[in-house]
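Chains as they are written, first to last, in the working numbering: chain A, 548 to 926; chain B, 961 to 1238.
No lab work stands behind these hints, which were simulated from the structure alone. Computed from a predicted model, the values in this text were never measured in an experiment. Please note that a few of the clues may not be correct.
Unchecked claim - Partner residues are not named here, just some residues of chain A that face chain B (Cβ under 10 Å, in silico):
1) L594
2) M605
3) G617
4) S619
5) L620
6) G622
7) C645
8) T647
9) S748
10) P751
11) R775
12) L781
Claimed, not checked - Derived coverage of chain A by chain B (criterion: at least 3 residues anywhere in the stretch with Cβ under 8 Å from a Cβ of chain B; other residues may be distant):
13) 757-771
14) 782-795
Each residue gets a CB set at the ideal place from its N, CA and C atoms; glycine is no exception.
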Amino acid sequence: MNDGDRERLLLQGNEAIVHGAIAAGCRFFAGYPITPASEIAELFSSLLPAVGGTFIQMEDEIASMGAIVGASLAGTKSMTATSGPGFSLMQENLGFACCTEVPCVVVNVMRGGPSTGLPTSPAQGDVQMARWGTHGDHPVIVLSVSTVSDSFSITVKAFNLSEKYRVPVILLSDEVVAHTRECVILPTSDEVKVIDRIKPSVPPDWYEPYEGDIRGVPPMPSFGAGYRHHVTGLIHDKHGYPTQKSEEIEAFHIRMTQKITRGFPEIQMSREFFLDDAEVAVIAYGSVARSALRAVQDARKHGVKAGLLQLITLFPFPRGNVSPVLSACRAVLVPEMNMGQISREVHRVNQYDCRIVKYNRVDGQIITPTEIFKSLIKL
Amino acid sequence: MPVPAKLLRHNYLRHDKKFPHVWCPGCGIGIVMGALLRAINRLELSNDEVVLASGIGCTGRMPTYLDFNTLHTTHGRALTFATGVKLANPALTVIAIMGDGDATAIGGNHFIHAARRNLNLTAIIVNNSIYGMTGGQYSPTTPFGAKTTTSPYGHIEHAFSIAELAVTAGASFVARSTVYHAGLMDSLIEQAIKKRGFAVVEVISNCHVQYGRRNKLGNAVDMLKSFRDNSVSVRKAAKMEPEDLEGKITIGVLTNREMPISTEEYDKIREMANEDKR
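Sequences are here, hints too, so could you generate the full structure?
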């Protein structure tokens, strides 16, 4: 290994997530074995000790989620990775992380559901769950990856957003991306932009643990750094103590929502392909976006002015990126490996004459370029 | 230097907001809190180096009042958060405070695995045989036959013995006290915090409001007196026949053993990993 040069590696998506996390400064991983996410835990257990980090396999996913929140409170960037059934178990402590604004990254390598579902088959059925799985109104950021290269770079972004906004970030991969091997050239550590949480600069006596800065995000000290404070999953006032006062409860919710709303331009990420003159478009994410790109290229060869909007951020739903496509195109195809979880979001933001067509597969099979192409030329 | 007893509250109770506390008059949890503070004081730990984690329930509210790094987590999960804190910063003294339902029903799996894993953590379990905060439903330590709001005809399940469960699960140090034996409790909690490895102190406590009242056990004082009359030391219990120990509370240190500690073992793994890299 030569530190000065970029590394060229043949990696699967799951492995690239680990490399991305370590590059972003992640030094703690807690997890529980589950297909198709287990390789993430395995590689962390091998790589973390050498960089001074810690890996632990917990007794279940509830415990894994609790442990990463604890580690983050102690000042260490932390992550867990799972698939649908484990993600269900994580919802409880994920809500705790939302309520107490503890940065952490949760990877869900989606497989077919519900319940034990299809452990070795790809799906995108957890999209709405990623946004609304834990109870109560809460802020959360959901990102998706479609290539091995993405699995590195979007993981870095996930950590950066999590640290910057003090919010859990959910990274959705799927069985296809997770197990596809591709050649990737990893950036050097100088080239990776890493954002760390802002720590309080005031004397400890002045510190208010839940008073937002100008962005609505409170500075966050590590346990043991002298800024003793209370962290609770009860709705709390700016001092961190439980409150039942309606004005304090409302202020809590408004700040939690606004800290994300203010970051929309940065948080809402997507990629555009051939959209400049497009008359019809595909809106896709995850491994389906790969098939979609090929289908769009084929459609262009057949004289159809097609384009692709690949969503990277799924929630907060990137309305600002989707709306221009809806206003410019006469029809949009939304292919998904679920019954239409993002197409309903596209419908929600559609204020134009644009026709929205769903294309869904829930049979454990990927959506091929040919299928998308056939639907696309009929639009 | 430890501070004099009369200054304990100035040193360790939060000055800003949040009193009065949620506990009923006569509740045993306050006695446990006092013992915890006296133990921390005697060990001369600074407030900054202590992390106190709890779950949900009456006992779970304790960290709110104390001037440490405090973490009031989800129901049953205190030990999972404590595990993350300790692994991320082993220099911190991490203590989990839980109730019987919190630690051994919803958190039972985390409890036995924390004992097996043997991190350098302290778990204090206030066992009052009932879910107090939610209105007196039966818990894993409610005795057979007892009346609760969910066993109005008498309880038909059998109770966990928490300390013995911890011994079997592999904890390094396990002790039991009652809230009557406040002096003993101070000492046991002090030993538990000092112990290198996973240390458990079970404290038998009174919930005269939700448990005592429905089972005709009298008021708080009556229940404390019954703890006094029914407790036997570990040494004395060893000489007694099992049938004579029926209904008795064995108090003192049940086990104290030396085992490898996960955090220290992990340091060795880091060295091995670094050698591989070279």
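Results of checking the hints against the structure:
1. Interface restraint check for A/L594: the shortest CB-CB distance to chain B comes to about 8 Å, inside 10 Å, so the restraint holds.
2. For the restraint placing A/M605 at the interface with chain B, the shortest Cβ-Cβ distance is roughly 7 Å, inside the 10 Å limit, so the hint holds.
3. Taken as an interface hint, A/G617 checks out: its beta carbon lies about 3 Å from the nearest beta carbon of chain B, inside 10 Å.
4. With a cut of 10 Å, the hint placing A/S619 at the interface with chain B holds, because the nearest CB-to-CB distance is about 8 Å.
5. A hinted interface residue such as A/L620 counts as satisfied when its beta carbon comes closer than 10 Å to some beta carbon of chain B; here the least separation is about 6 Å, so the hint holds.
6. Because the smallest distance between the Cβ of A/G622 and any Cβ of chain B comes to about 7 Å, under 10 Å, the interface hint for this residue holds.
7. For A/C645, the shortest C-beta to C-beta distance to chain B is roughly 12 Å, which exceeds 10 Å, and the interface hint is violated.
8. Annotation: A/T647 was flagged as interfacial toward chain B, and the flag holds, the nearest CB pair being 9 Å apart, inside 10 Å.
9. A cut of 10 Å between beta carbons decides the hint on A/S748: the least distance to chain B is about 18 Å, and the hint is violated.
10. Hint status for A/P751 relative to chain B: holds, with the closest Cβ pair at about 9 Å, below 10 Å.
11. With a cut of 10 Å, the hint placing A/R775 at the interface with chain B holds, because the nearest CB-to-CB distance is about 5 Å.
12. A distance limit of 10 Å between C-beta atoms decides the matter here; for A/L781 the minimum to chain B is near 7 Å, and the interface restraint holds.
13. Interface restraint, the stretch 757-771 of chain A with chain B: holds (3 residues with C-beta to C-beta distance below 8 Å; minimum three).
14. Taking a C-beta to C-beta cut-off of 8 Å, the stretch 782-795 of chain A contributes 3 residues in contact with chain B, enough for the three needed, and the coverage statement holds.
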